[in-house]
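Asker: Chains as they are written, first to last, in this note's numbering: chain A, 1 to 260; chain B, 1 to 282.
By construction, these hints were calculated from the structure, which means they are not laboratory data.
Careful, some of the hints might be misleading.
Keeping only pairs whose Cα atoms sit at most 27 Å apart, straight-line, the calculated DSSO-like set for lysine-lysine is [unchecked claim]: (1) Lys-129/B <-> Lys-4/A; (2) Lys-20/A <-> Lys-150/B; (3) Lys-217/B <-> Lys-20/A.
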Amino acid sequence: MQAKAWQQLFSESLFSGLDKDLSTTFASIDADERQLRFAVYQNNVFYSLSQALSDLYPVVKQLVGDDFFNGLAQAYIRQYPPSRAAMVYFGEGFSEFLANFEHAQSLPYLVDIAALELARHQSYHAADEVVLSAGDFATIEAAAFEQATLKLQASFKLISSAFPIFSIWDSHQQNSAATTIELNEPQWVLIVRHDYQLQTFNVDPGTYRFYHGLDQGLSVADAVTYAVEACDYDIAAAIHLGIGNGFFSDAGFLSQADAD
Amino acid sequence: MTTRLPAKTGISLKPQHYRDIIEQQPDIGWLEVHPENYMGDGGLPHYYLSCIHQDYPISMHGVGLSLASSDGIDEHHLNALATVVKRHQPEQVSEHLAWSHWNSVFLNDLLPLPYTQEFLAVVVSNIHKVQDALQRTLLIENPSAYLGFKHSELSETEFLHAIVEQTGAGLLLDVNNVYVSANNQSYSAQEYIDNYPIDAIGEIHLAGHAANDLNGKTLLIDDHGSAPIDPVWDLFEYTLQRCRTAIPTLIEWDTNVPALNRLLEEATTAKQLMDKHLGVAA
Numbered sequence: 001m002q003a004k005a006w007q008q009l010f011s012e013s014l015f016s017g018l019d020k021d022l023s024t025t026f027a028s029i030d031a032d033e034r035q036l037r038f039a040v041y042q043n044n045v046f047y048s049l050s051q052a053l054s055d056l057y058p059v060v061k062q063l064v065g066d067d068f069f070n071g072l073a074q075a076y077i078r079q080y081p082p083s084r085a086a087m088v089y090f091g092e093g094f095s096e097f098l099a100n101f102e103h104a105q106s107l108p109y110l111v112d113i114a115a116l117e118l119a120r121h122q123s124y125h126a127a128d129e130v131v132l133s134a135g136d137f138a139t140i141e142a143a144a145f146e147q148a149t150l151k152l153q154a155s156f157k158l159i160s161s162a163f164p165i166f167s168i169w170d171s172h173q174q175n176s177a178a179t180t181i182e183l184n185e186p187q188w189v190l191i192v193r194h195d196y197q198l199q200t201f202n203v204d205p206g207t208y209r210f211y212h213g214l215d216q217g218l219s220v221a222d223a224v225t226y227a228v229e230a231c232d233y234d235i236a237a238a239i240h241l242g243i244g245n246g247f248f249s250d251a252g253f254l255s256q257a258d259a260d
Numbered sequence: 001m002t003t004r005l006p007a008k009t010g011i012s013l014k015p016q017h018y019r020d021i022i023e024q025q026p027d028i029g030w031l032e033v034h035p036e037n038y039m040g041d042g043g044l045p046h047y048y049l050s051c052i053h054q055d056y057p058i059s060m061h062g063v064g065l066s067l068a069s070s071d072g073i074d075e076h077h078l079n080a081l082a083t084v085v086k087r088h089q090p091e092q093v094s095e096h097l098a099w100s101h102w103n104s105v106f107l108n109d110l111l112p113l114p115y116t117q118e119f120l121a122v123v124v125s126n127i128h129k130v131q132d133a134l135q136r137t138l139l140i141e142n143p144s145a146y147l148g149f150k151h152s153e154l155s156e157t158e159f160l161h162a163i164v165e166q167t168g169a170g171l172l173l174d175v176n177n178v179y180v181s182a183n184n185q186s187y188s189a190q191e192y193i194d195n196y197p198i199d200a201i202g203e204i205h206l207a208g209h210a211a212n213d214l215n216g217k218t219l220l221i222d223d224h225g226s227a228p229i230d231p232v233w234d235l236f237e238y239t240l241q242r243c244r245t246a247i248p249t250l251i252e253w254d255t256n257v258p259a260l261n262r263l264l265e266e267a268t269t270a271k272q273l274m275d276k277h278l279g280v281a282a
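The shape of chain A in the complex, shown without the other chains (with noise of 0.2 Å):
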């Protein structure tokens, strides 16, 4: 058989079983034992694969047990398998997977909770950036910080839900102050890595929303504005959050202060 062809039919069999001219080729006479062996690759494939997914999304697979975990992962595996060799970018589409798999229905948060996971698998994966601190902005004048725009760094995230996912997310970390969880409130999620430590804030929506709106690159003052259309909340507490926790990469008042 040619190599082409071959390789065609051994990837086939490895999601749909072993085809039989494929099988003609393997040295084992019995076919028992030919099954038997090709279910050594079949196996290293999906328990890799599903292992991967289970690293990435550990609290999804204890909101749904080991089992349950297990059949999604198969069905994702099978639905979405990757396209590269790099494990850090599988299992980007497993949300979007959950939200259309019927059985996953009656947990509707659970969408969400797998968006928050991967908000901070990707956050502690991103990119390197010095960013900016307390002291960058001390000599600042009000009326610049107003116009500035606030670049904010490669590993900030944000999430919202209509549940409370990070209360759940929560309550499944060690060191976890166990609450009662109100699962009809919704919730606000920032994340960020400063100083190579995954940070996961759970905000009031103000502050969700004047985030959001520097994230679209509105200015401070334009982003603020935003805000308050939506709702009332501590301003100057959000900036603060920011600041002193290097959400930001870069500040237009500092590169033109560098131009001047």
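The hints should help you fit chain B onto chain A, whose structure is shown.
Answerer: Using the frame of chain A, we list chain B on its own:
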């Protein structure tokens, strides 16, 4: 085969040992990583690897190049590998004689190939492409096989000889893989070593494996989840007697990873055997 790795023992660098290695500075010759685990843009994995590389040589042992894919090397992956090699400048880069990429799907396992002239041409062409892109010579590792193929035209050692001859690549001899494949395909592991292109070895790997029942026979599975067993150590000694020179030797342990000290103990055993057979004062 010349290599920039020191002819000493090394261990796999696992994330759970990053801090231990930085703090304890163990007496170990070099460390091994899978480049695929450093293909994210930034963050802690790159930070730790850079820190540790200041004190230890690094061998990058790829699992994703799919050198035996007859539809060629995946450009995206080759670029990603070139980027990580350029960023971290490892002392050595190696890959497996296997395939894992087909029709834009990455299968995340080291799949076997029949040793035909057609596949030899595929592998040779792919190795040339990678070596040209990286501007480096690769080391090619013999796989653990669970299947043999009727249409193979060459033995594995003949296939490896031809690769070395036609690409200038060196070889990575995985002694555990020889033991596993020899058991699974009923041939002599010592004869395999006798026929192996010994002068092309640039690195040796040692690892543990698991055993499965195969209708009353035993099928060995290369899972890197335990210490090498005695017959694998014996085969390592047999190999050293043929090599007559010290070779960078790795203790691989990728699943059920134990405490750092446990890996270092195995590396010490490997070093003692190297000293015994080669009289190396290290």
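Asker: For every hint, state whether the structure bears it out.
Answerer: So, going through the hints one by one against the coordinates:
The straight-line distance between the Cα atoms of Lys-129/B and Lys-4/A is roughly 19 Å, inside the 27 Å bound, and the hint therefore holds. At roughly 14 Å between alpha-carbon atoms, Lys-20/A and Lys-150/B fall within 27 Å of each other, so this suggested pair holds. At most 27 Å may separate the alpha-carbon atoms for a hinted pair to count; Lys-217/B and Lys-20/A meet this at roughly 23 Å.
Violated hints: none; the structure is consistent with every hint.
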